[in-house]
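Asks: Sequences listed follow chains Y and G, in order.
Heads up: the first sequence begins at 1 in the numbering used here, then just goes up one per residue.
Heads up: the second sequence begins at 139 in the numbering used here, then just goes up one per residue.
Among the hints, a few may not be true.
The calculated label-pair distances, taken between Cβ atoms and stated as ranges, are [claimed, not checked]:
| # | chain 1 | residue 1 | chain 2 | residue 2 | range |
| --- | --- | --- | --- | --- | --- |
| 1 | Y | 63 | G | 140 | 44 to 50 Å |
| 2 | Y | 37 | G | 256 | 25 to 31 Å |
| 3 | G | 218 | Y | 74 | 39 to 45 Å |
| 4 | G | 143 | Y | 131 | 42 to 48 Å |
| 5 | Y | 73 | G | 140 | 42 to 48 Å |
| 6 | Y | 59 | G | 143 | 34 to 40 Å |
| 7 | Y | 37 | G | 187 | 40 to 46 Å |
By construction, these hints were calculated from the structure, which means they are not laboratory data.
Note that beta-carbon positions come from the ideal geometry of N, C-alpha and C, so glycine has one too.
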Amino acid sequence: MTKLSSLIAGIIFGLGLTISGMVNPTKVLGFLNVFDAWDPSLMFVMIGAILIFSPLYFIFKRKSRPIFAKIFIIPSNKNIDKNLIIGASMFGAGWGLVGLCPGPAFSAISLLNINVYLFVLVMIVGFYLGKLFQTKSR
Amino acid sequence: MVIINFTPLSAFTGGLLIGFAAFLFFVFNGRMAGVSSIASDSVLKDHNRYDNLLFLIGLIIGPILYSFSGKEIESIITNSLPLLILGGLLVGVGTKIGNGCTSGHGVCGISRFSIRSITATIVFILTGVFTVLIFGV
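Please build the complete structure, drawing on both the sequences and the hints.
Replies: What follows is the structure in structure tokens.
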């Protein structure tokens, strides 16, 4: 059953990314272009998402277990370490270069753009490289 | 600074849907809807692989469903090939090392009031803004 809820959550997530305009790299870059011609829209995407998820998260995490799975998996790492800062900086740089982050990159696969396929492919290579880096630094 | 292309209503509506999807994934699967982790786990780990792959397939179906409404979906990439590859690599490596992206840290993490995620979000937005400042749109 977790497969079904994964698919449905993914579809609604993808719809949200589409309606909000996040699947358009040019719009995302407009949000990051604060000092020139700024498009503040994406701030409203985050506000909307947090406004829904945050209260529901705090209400439902008190339940003993999720509906389909056995346990809640909530990130326990609270360390603000080198990896977090380096990783977030690299991600921000890549995001600022192209205007795609992982969610919209996958959603944009449906828009049949060869550039998106290349981006997703390289991103997956990046996951492997990142994992290598992580194991080395430990 | 000038404000252009501002679409607060559609942005907010899309955001509500993203938040609701994150809620569904949490309340049914007990997990955080962080796309970079879902995507990297789907290739790097066996555990929950089909859940992860189906979530990603869902992400791809989303825009297709939207297109039935008859509206155009705008998506323009203007990068040269080397910059596109560099960008993809940085996003892949960075989200793996930093354990999250716009959804995992930005939406789910901030919603949980995680200082770690709030820090990550500030860092990637600042470096994103800085990158656009240097390379342009």
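Asks: Each hint: holds or not?
Replies: Outcome of the hint check:
1. Y/63 to G/140: 44 to 50 Å: holds, 47 Å
2. Y/37 to G/256: 25 to 31 Å: Holds - the Cβ-Cβ distance for residue 37 of chain Y and residue 256 of chain G, about 27 Å, lies within 25 to 31 Å.
3. G/218 to Y/74: 39 to 45 Å: holds, 41 Å
4. G/143 to Y/131: 42 to 48 Å: Once the Cβ atoms are compared, 37 Å apart, the range 42 to 48 Å for residue 131 of chain Y and residue 143 of chain G is violated.
5. Y/73 to G/140: 42 to 48 Å: holds, 44 Å
6. Y/59 to G/143: 34 to 40 Å: holds, 36 Å
7. Y/37 to G/187: 40 to 46 Å: holds, 43 Å
Violated hint: 4 only; the structure is consistent with all others.
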